[in-house]
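A.B. asks: One letter stands for each residue in the lines below.
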Amino acid sequence: MNKIWLIIKREFLTRVRKRSFLVVTLLVPIAFAAMIIIPILMAVSGNESKRIAVIDKSGIFNNNLPDKKGVYFKYLPDANLDSLKRHYEAADYSGILYIPDIDINRPAGLEYYSKGQAGISLESAINNDINNVIEKKRMEQEGIDKSRLDALRSNITVEFKSGDDEKKGNSWVAYGVGYASGFTIYIVLLLFGTSVMRGVMEEKVNRIAEVMISSVKPFQLMMGKIVGIAAVGLLQFLIWGVLISVIYTVIPLFLSPESIQAASQSNMMAQNNNAEAAEAFRRVSDVVGSINWSLLLSCFVFYFLGGYLFYSSLFAAIGSLANEDATDVQQLTFPITVPIIIGIMIMMKAVHDPGSPLAVWGSIIPFTSPMVMMARLPYGVPGTVPYWQLGLSFTLLIGGFIVTTWAAGKIYRTGILLYGKKVTLKEALKWVVKKG
Amino acid sequence: MNLLEVKHLKKYYATHKAVDDISFDIRQGSIFGLLGPNGAGKTTLLRMITGIFYPDEGSIRLNGHPFDPQRDTPLIGYMPEERGLYKKMKVGEQTLYLARLKGLSEKEATAKIKKWFDKFDINSWWNKRVDELSKGMQQKVQFISTIMHDPKLLILDEPFSGLDPINSNLIKQEIFNLARQGTTIIFSTHRMEQVEEICDHIMLVNKGHKILDGSVKQIKQDFKQGLFRIGLGVTPNAAQMATYHFTIVSMHENTVTVKMNEDSTTNDILLHFIHQRIPVTYFEEILPSINEVFITQVQQTEQAPVATAAQQPA
Numbered sequence: 001m002n003k004i005w006l007i008i009k010r011e012f013l014t015r016v017r018k019r020s021f022l023v024v025t026l027l028v029p030i031a032f033a034a035m036i037i038i039p040i041l042m043a044v045s046g047n048e049s050k051r052i053a054v055i056d057k058s059g060i061f062n063n064n065l066p067d068k069k070g071v072y073f074k075y076l077p078d079a080n081l082d083s084l085k086r087h088y089e090a091a092d093y094s095g096i097l098y099i100p101d102i103d104i105n106r107p108a109g110l111e112y113y114s115k116g117q118a119g120i121s122l123e124s125a126i127n128n129d130i131n132n133v134i135e136k137k138r139m140e141q142e143g144i145d146k147s148r149l150d151a152l153r154s155n156i157t158v159e160f161k162s163g164d165d166e167k168k169g170n171s172w173v174a175y176g177v178g179y180a181s182g183f184t185i186y187i188v189l190l191l192f193g194t195s196v197m198r199g200v201m202e203e204k205v206n207r208i209a210e211v212m213i214s215s216v217k218p219f220q221l222m223m224g225k226i227v228g229i230a231a232v233g234l235l236q237f238l239i240w241g242v243l244i245s246v247i248y249t250v251i252p253l254f255l256s257p258e259s260i261q262a263a264s265q266s267n268m269m270a271q272n273n274n275a276e277a278a279e280a281f282r283r284v285s286d287v288v289g290s291i292n293w294s295l296l297l298s299c300f301v302f303y304f305l306g307g308y309l310f311y312s313s314l315f316a317a318i319g320s321l322a323n324e325d326a327t328d329v330q331q332l333t334f335p336i337t338v339p340i341i342i343g344i345m346i347m348m349k350a351v352h353d354p355g356s357p358l359a360v361w362g363s364i365i366p367f368t369s370p371m372v373m374m375a376r377l378p379y380g381v382p383g384t385v386p387y388w389q390l391g392l393s394f395t396l397l398i399g400g401f402i403v404t405t406w407a408a409g410k411i412y413r414t415g416i417l418l419y420g421k422k423v424t425l426k427e428a429l430k431w432v433v434k435k436g
Numbered sequence: 001m002n003l004l005e006v007k008h009l010k011k012y013y014a015t016h017k018a019v020d021d022i023s024f025d026i027r028q029g030s031i032f033g034l035l036g037p038n039g040a041g042k043t044t045l046l047r048m049i050t051g052i053f054y055p056d057e058g059s060i061r062l063n064g065h066p067f068d069p070q071r072d073t074p075l076i077g078y079m080p081e082e083r084g085l086y087k088k089m090k091v092g093e094q095t096l097y098l099a100r101l102k103g104l105s106e107k108e109a110t111a112k113i114k115k116w117f118d119k120f121d122i123n124s125w126w127n128k129r130v131d132e133l134s135k136g137m138q139q140k141v142q143f144i145s146t147i148m149h150d151p152k153l154l155i156l157d158e159p160f161s162g163l164d165p166i167n168s169n170l171i172k173q174e175i176f177n178l179a180r181q182g183t184t185i186i187f188s189t190h191r192m193e194q195v196e197e198i199c200d201h202i203m204l205v206n207k208g209h210k211i212l213d214g215s216v217k218q219i220k221q222d223f224k225q226g227l228f229r230i231g232l233g234v235t236p237n238a239a240q241m242a243t244y245h246f247t248i249v250s251m252h253e254n255t256v257t258v259k260m261n262e263d264s265t266t267n268d269i270l271l272h273f274i275h276q277r278i279p280v281t282y283f284e285e286i287l288p289s290i291n292e293v294f295i296t297q298v299q300q301t302e303q304a305p306v307a308t309a310a311q312q313p314a
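Protein chains in written order, with the working numbering: chain F, 1 to 436; chain W, 1 to 314.
To be clear, the hints were calculated from the coordinates, so they are not data collected in a lab.
Don't take every hint at face value.
Calculated pairs, BS3-like style, for lysine-lysine (alpha carbon to alpha carbon, straight line, at most 30 Å) [said to hold, decoys possible]:
hint, chain 1, residue 1, chain 2, residue 2
1, F, K18, W, K128
2, F, K421, F, K434
3, F, K146, F, K68
4, W, K90, F, K217
5, F, K18, F, K3
6, W, K107, F, K3
7, W, K259, F, K217
8, W, K90, F, K9
9, F, K217, F, K18
10, F, K217, W, K217
Construct the entire structure; sequences and hints are all you get.
C.D. replies: Now the structure itself:
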């Protein structure tokens, strides 16, 4: 036990001390922070106010274009377009909106001048405003009462409830959470699995394996590596968790309250209806609250470790078959990466349709269950995922990694000492069933 | 006292018998040479003695007890033929790690490593990474990491491969030192000149069988062919050399190599030259080199029909 502890410690420390560990561990939360900060900064910086000179030869638009935060229309019906073009910047205008004398049934020739590009949001805002005014005029012409029309419009959302306690659900939140956690498990399996394989290959190619095995059992060497790398992964996730939550709490302190308010206001404005946005927000937070986070988190840790143990020993076995030629190994990893890729594909289906037979069986069979079950769980336990399915999935994954570790151990202890010989997968599988 | 007693050891693979009924004893403090061509089963035999493989049959007694790989690991130092170090680890950390896996406490291990690093004058390497060292330097570190826990049984598989003559000699001297202090050493190789120089006792294996074993002196005696080299004061003519006691194998100016007749003695030969009034400047017995014994013995066993080709790595 003392020896395996020494091995775990070495595997852990050599990886954690590497510069690349530090870089990756810090970069991920920074990228995450950037994802939050940049949109806020963009929203804030987009708020510099624009004064737009409007030359309206038709007289339809005068004082009818709504000023909004950051965009102000100044009506200059008598100005000359050519002379204004020359000095509009000096007069502190960002641009000129020119409207010729148009027929509202066949409007044409509306133009906007500015030095630089107007920007997508301004373009769409101006188009929107102009169209609104023209629509209103046309309705008046046809004798339609605008307020009556607005009253007739329908905009309702069906509330989807699930379970006996009629929890409000929102498939989109479940979809997002399920997809994210399933995908994370997929990355973990491939990334840490290959890390284990590389470690084993390193030991074999550097010829340290036999030196080690004269002091420790092959199984201890293999498990030491697997557990050591798992510890590195858990540490990394822990640091990410802490840093991300720190970033979440710290960002608001750095950004002034006004800018946050401005940012959220501009977001709401984009939806054009504050009440609707508030309603949407209320529903999202309802759903976020409806997800059983503690269950989800503990299942994530379970499937993270279970899936990792299930696959990493197989990766270790493949690594032990390596010779100097690394391309051999690429071929040998194929049978392991295929089920992982099938898993991610089923996972992508399962987030759309968590109750389908493919998703159910994919979440029970241990080759794919770590990814697929994580995609289904946010849809609700025991609503979408009955307890028996979760229990069966747990049991099979535990049984699965005991079997793979046992089989991989047998391949590993023969492979790690075998030099100068190319081993086929068939031979390696024979080692599993042979005596001793 | 025998440190190691191996009885009827067998290890069969699917395709061939790697070790087939081998028995031998090694006296404490002796240097025991394990010889054999590639694929003879040397490595398999050593892996059973180090506890890496379990024998199919037979028994191993180490230090007076039945061998228990778990308990006895600290008694053994093994430098396999396929050896190496973690390239990215620092020399000091690396040796400390290997020593601790042999069951030494951190304090003990550090003291031992310091002692050996002083002895080999490599203290300045402590913080160097292994891949910054030359191959010869790495071999030195490898050797130290094999012996730093003071094993009772030191097993060296081709220890001089990849070493320059200076480092070879350094390690050779250290092997003699350790043997003098009571360490028992198994030395596996197929380089015969080293065997004659270093070993007290040898065992020759081929195709999983023991072909012969005994002391180096005794084996040379056993396989001598009655050849003598004689230096003469004058160049004799053919008539002067005609005798019942020997036949001439070769003659080159004043040096003659003869094969003694089976019922003659060395004195009969000397008397012949005295009677012929030919002055003898020197007279020496030609003993076979271990290399010659090795080649003839291996060839003899090769001729015996053996079913399958060896597949196990040497």
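A.B. asks: Does each hint hold? Answer for all of them.
C.D. replies: So, going through the hints one by one against the coordinates:
For the hint linking F:K18 to W:K128, the alpha-carbon distance of about 16 Å falls within 30 Å, and the restraint holds. The hinted pair formed by F:K421 and F:K434 meets the criterion: a straight-line CA distance of about 19 Å does not exceed 30 Å. Annotation: proposed proximity of F:K146 to F:K68 holds, straight-line Cα distance about 21 Å (limit 30 Å). Proximity of W:K90 to F:K217 is assessed by CA-CA distance (about 24 Å); at most 30 Å being required, the pair is judged to hold.
At most 30 Å may separate the alpha-carbon atoms for a hinted pair to count; F:K18 and F:K3 meet this at roughly 23 Å. Restraint check for W:K107 and F:K3: the C-alpha separation of about 16 Å stays at or below 30 Å, so the hint holds. With a C-alpha separation of about 56 Å, the suggested pairing of W:K259 with F:K217 is violated against the 30 Å cut-off. Between W:K90 and F:K9 the CA atoms are separated by roughly 15 Å; this keeps the pair inside 30 Å, and the hint holds.
The suggested pairing of F:K217 with F:K18 holds, with an alpha-carbon distance near 27 Å, which does not exceed 30 Å. Taking the CA atoms of F:K217 and W:K217, the gap is near 40 Å; set against the 30 Å cutoff, the hint is violated.
This entry does not satisfy hints 7, 10, going by the numbered hints stated previously.
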